[in-house]
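These are the residues of each chain, in order.
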Amino acid sequence: MIPGQFQYYRPATTAEAIGLMAKLGDDARPLAGGHSLIPMMKLRLATPEHLVDLHGIASLKGIRREGDRIVIGAMTTQHDLLASDEIAKMLPILHETSLLIADPQVRYMGTIGGNVANGDPGNDMPALMMTLGATYHLEGQGGVRQVPAAEFYQGAYFTALEPGEILTAIAVPTPAANHGYAYEKLKRKIGDYATAAAAVVLTMSGGKVATCSIGLTNLSETALLADEAAKAVIGTSLDDASLKRAAAAAEAIMSPAGDGRGSPEYRKYVGGIMVIRALQHAAARAK
Amino acid sequence: MNDMTPTREEREARLEGMGCKRKRVEDVRFTQGKGNYVDDVKLPGMLHGDFVRSPHAHARIKSINTEKALKIPGVLAVLTAETLKTVNLAWMPTLAGDVQMVLADGKVLFQNQEVAFVVATDRYTADDGINAVEVEYEPLPPLVDPFKSMNSDAQILREDIKDKKDGAHGPRKHPNHIFEWTVGDKDLTDAAFKKADVTIKELISYHRVHPSPLETCQCVCSFDKVKGELTIYGTFQAPHVIRTVVALIAKLPEQKIHVISPDIGGGFGNKVGAYPGYICAAVATIVTGKSVKWVEDRMENLTTTSFARDYHMTTEIAATKEGKVTGLRVHVLADHGAFDACADPSKWPAGFFNIVTGSYDFPAAHLTVDGVYTNKAPGGVAYRCSFRVTEAAYCIERGMDILAQKLGMDPAELRLKNFIKPEQFPYHSALGWEYDSGDYATAMKKAMETTQYAALRREQAAKREAFKRGETREIMGIGVSFFTEIVGAGPSKNCDILGIAMFDSCEIRMHPTGTGIARMGSKSQGQGHETTWAQIIATEIGIPADNIMVEEGNTDTAPYGLGTYGSRSTPVAGAAIAMAARKIKAKAQMIAAYKLEVHEDDLEWDIDGFRVKGLPEKFLGMKDICWIAYNSPPPGLEPGLEAVSYYDPPNMTYPFGAYICVMDIEVDTGVYKVRRFYALDDCGTRINPMIIEGQVHGGLTEAFAIAMGQEIHYDNEGNVLGGSFMDFFLPTAVETPHWETDFTVTPSPHHPIGAKGVGESPNVGGVPAFSNAVNDAFSFLGATHIQMPHDFWRNWKAAKQLGLIKDAAFAA
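Chains as they are written, first to last, in this note's numbering: chain A, 1 to 287; chain B, 1001 to 1812.
Everything labelled a hint here was simulated from the structure, so no lab data went into it. Glycine included, C-beta positions come from ideal geometry on N, C-alpha and C. Keep in mind that the hints are not guaranteed to be accurate.
[As the list claims (entries may be wrong)] Beyond 12 Å from chain A on every Cβ pair, some chain B residues (computed):
hint : residue
1    : THR1182
2    : GLU1459
3    : PRO1639
4    : LYS1797
[Said to hold, decoys possible] No farther apart than 27 Å at their CA atoms in a straight line, the calculated lysine-lysine pairs in the DSSO-like style are these:
hint : chain 1 : residue 1 : chain 2 : residue 2
5    : B       : LYS1085   : B       : LYS1251
6    : A       : LYS42     : B       : LYS1071
7    : A       : LYS189    : B       : LYS1673
8    : A       : LYS187    : B       : LYS1800
9    : A       : LYS187    : B       : LYS1673
10   : B       : LYS1806   : A       : LYS231
11   : A       : LYS244    : B       : LYS1673
12   : B       : LYS1797   : A       : LYS187
13   : B       : LYS1468   : A       : LYS244
14   : A       : LYS189    : B       : LYS1797
15   : B       : LYS1806   : A       : LYS187
[Unchecked claim] What follows is a set of in silico ranges between Cβ atoms, one per label pair, in the way DEER data are often shown:
hint : chain 1 : residue 1 : chain 2 : residue 2 : range
16   : A       : VAL106    : B       : THR1736   : 11 to 21 Å
17   : B       : GLY1045   : A       : VAL106    : 33 to 43 Å
18   : A       : LYS42     : B       : GLY1289   : 44 to 54 Å
19   : A       : LEU99     : B       : LEU1214   : 39 to 49 Å
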């Protein structure tokens, strides 16, 4: 549980950080909250020769409105998200999900950028960002690219990030004022990854689901967007049969690993239940 | 008497003696981060050692190449079994009469086994060294399932003893067999089963877990070549035993070994044993001439130093149709891992598992335990319990519930029907123990009344009907557990560790100004000894507890004792304190008689001093007596006021308790909620009710963890799973239920202050209460016994096996 040797850098600007990443090449890793990378380094499963710490870059922090989008700097911590009135008001599901990430000590350090960029299927934010239709700002020597969250994840720990690129910000379209939302997470204990979790954002019209998107956490190699499940409930009043159809459609795309949290069979089953509960909970919250 | 004279109540209160909820004095430093733990010990020029460990569960070692590691600047030495052989320490004796590799000698027998010890100038360099040591392994088939260990075609694990027909505890039946231990009357038990109206038989497994104290095992060894003295700072629950063991195996004179246990961050049995880290650090300090520190990390702690439990108990009970038990037959298959390193008193290969008749009057019982080797880490420590008592309590308490279910009786009613009655004490159990005192029915009834047990059962019956009608997907379980512990090891007639009798000790030295110091053979790891020991002295000799300093853990200053584990401190060391204090008091009485000019028999004790009978104004307080004892003792009497007591207990003590757990389980997710947990403990005389409550809270939390999720699990290849706190369930405040505590008081008749010990009762009684609640919840659906741990997933699996989960649940 002792890391090997590495060089440490603390750039003050994004440009400086990108320059360092380009110069240092494949053996460099950016360091955000460190809650995934540092344990991997202690186990010597990750052995970067260079760590580029992003904590010194003020412009990577903060939450701001840009038209109909909320833009969140990558180094904004989960604690910052929880402390933000803007988030609580405009993106309450982000507030709800942040509260379900680990514990306060982790949330003081853990950043939204690290959470989404690491490609860990156990992280909660990727599914949420896909559900919200968020876009990631990726910055490298070639400039800035904008990649939708739904197209970012390619496999466990494999993402659309190119070598030398840093995720700098996340832009989230502001959901409709009357939207309903829920993040339902089954976990063994505080601090654990989800056994299964589902994010739902929907709007209701005349007692029926008007729009809906559903995301799934830790039920496959990457976070998933359950489009068919969402389609199954649009236009319905979330009667039992529609809910079951949605759960079945969600289950159909799940392929969780078996681990101490449960067998694949169990995780898929409770994944379906999380979808049903998130739908019901979101509908109850919709105005 | 003027207004300034304190009342009797004020004098009593000022002592903060027994029965007082005195605040823990040690917490002043702990809550300010000012404790002094082993890792705080930093000696000049100190080196750091760390292990190369085996990735394989079973493999032959073809070669170890240390060349590259030794070339790393800062790496000073790499110890292997070959190095240790030069000082005859490649193997070490275990507490259970076996031998254990210190460093892998020819083969490895469990994953993460210690293979080489790298010594470097700092911890980082040591780890770099570890990564540079090249070990070539030839993997062998692993033996993981203990039920296959004695198969004729089973891989022989311990080649060092493969031809040895006899082990430390008698004949061996197979090269992978360690011992067979039998107790009780087989014929009488067989006859009881023949005559029985009703019998039950069930394999009840208690899975492998780990004590996981917050602070891991660690030491700093420092050898002074000039004086030839070895100083060891370590996380030792029993520092004197470590000193003697080091003297015996390292052939050093015992007076030149100084063992110091500073503050310890939890032990729970994990810090009783002797581990390769201690031996390697000691050898390394002798080899290098510099101090060497070894600190285990969390994964090393969970996967190598001393697991607990791993008992597979085939349990049979015979009874009449009215529910009177007539016989108990238990066979245990005990998985000891690669070496028998159980920490039990030496004559007890399965500890005190023969307490398995529990709180019930079994006329006949027979017990057999077979210990076997597997490719798993060695250990088998008493994780917050007296030796194998929690396994025994789980066995009988599950068994009684299974019997109740078969008889169609209420489990509490069945227990009440079979309790040992108060007039039967001292009670001689069918498996050989003499229970000192108990009033079981009173405790059980109090628990039932307080929790409104009958109403809970009515609610449960209604919920079961609602479940059957499909109105709810939640089931309710009520777990009843009534345990009897056996603690306070122990009387020298039947308890020793490697020949060292299991007494304990106290030395009290009063100072002229009316204060004093008490030094003990016990060693607190969080139990609060500095607080409670002073309270016993305060009551015994009338000096305020605040004026007594308690010191433990330094073998140079503390009297020889066997340490703290198995709830033995209060029963044994606590008795030694009272006895030492009474010696002080006896001398004080002689002094008081002389000064008050009366005969000793004309004095009576009055809270904090002696008073002449019938002359209340003639009084001499203990504070004044302390001064007189040093400065103007009676003619012919030695000056000074101090005493030592070594206490060899005449018997064990037998704390007991009644626990009731109410749990709701959602069958579709397996998620449970502990709605209520009530724990009534009878630990005899209560020294500090606040500390008792804290002990009960802690023990219940560990019991909750064990029953509901904690597990050291191995896959078929012998890979250890659950080796980190991600997977090894350590509940946080969020998961931990609310605890309701209660008590009755049945003093021990043979203990000087009537105290029995409480630290481990909640773990012993708690585990069956949780497990019985889960099993009770599912019982109306046809379940007889569901194995622990009862985590969400397993609860769901149980529901699925009972047909409660439809495969096509989501198909519309």
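Quick rundown of the hints versus the structure:
The claim that THR1182 (chain B) is not at the interface with chain A holds, since no C-beta of that chain comes within 12 Å of its own (minimum 37 Å). The claim that GLU1459 (chain B) lies off the interface holds: its Cβ sits roughly 26 Å from the closest Cβ of chain A, which is beyond the 12 Å cut-off. For PRO1639 (chain B), the shortest C-beta to C-beta distance to chain A comes to about 56 Å, beyond the 12 Å cut-off, and the non-interface label holds. Annotated as non-interface, LYS1797 (chain B) brings its C-beta within 12 Å of a C-beta of chain A; the closest such distance is 7 Å.
Annotation: proposed proximity of LYS1085 (chain B) to LYS1251 (chain B) holds, straight-line Cα distance about 14 Å (limit 27 Å). A distance of roughly 23 Å separates the Cα atoms of LYS42 (chain A) and LYS1071 (chain B); the hinted pair therefore holds under the 27 Å criterion. Pair hint LYS189 (chain A) plus LYS1673 (chain B) holds up; C-alpha atoms about 13 Å apart against a cutoff of 27 Å. Between the alpha carbons of LYS187 (chain A) and LYS1800 (chain B) the distance comes to roughly 20 Å, so the proposed pair stays at or under 27 Å and holds.
A C-alpha spacing of about 14 Å is found between LYS187 (chain A) and LYS1673 (chain B), which places the hinted pair at or below 27 Å, so the restraint holds. Note on LYS1806 (chain B) and LYS231 (chain A): the hinted pairing holds, with a Cα-Cα distance of about 24 Å set against a maximum of 27 Å. Between LYS244 (chain A) and LYS1673 (chain B), the direct Cα distance comes to roughly 26 Å. Compliance with the 27 Å bound is thereby established for this hinted pair. For the hint pairing LYS1797 (chain B) with LYS187 (chain A), the CA-to-CA distance comes to about 17 Å; that is within 27 Å, so the pair holds.
Simply put, LYS1468 (chain B) and LYS244 (chain A) have alpha-carbon atoms about 22 Å apart, close enough for the 27 Å limit, and the pair holds. Straight-line distance between C-alpha atoms of LYS189 (chain A) and LYS1797 (chain B) comes to about 19 Å, which keeps the hinted pair within the 27 Å bound. Taking the CA atoms of LYS1806 (chain B) and LYS187 (chain A), the gap is about 22 Å. The hint holds against a cut of 27 Å. Checked against the hint of 11 to 21 Å, the pair VAL106 (chain A) and THR1736 (chain B) passes, with Cβ atoms roughly 19 Å apart.
Separation of GLY1045 (chain B) from VAL106 (chain A) is about 37 Å and conforms to the stated range, judged on CB atoms against 33 to 43 Å. At roughly 31 Å, the beta-carbon separation of LYS42 (chain A) and GLY1289 (chain B) lies outside the given 44 to 54 Å, and the hint is violated. One distance hint, 39 to 49 Å for the beta-carbon pair LEU99 (chain A) and LEU1214 (chain B), is violated here, with the actual separation near 26 Å.
Checked against the numbered hints given earlier, the structure breaks hints 4, 18, 19 and satisfies all the rest.
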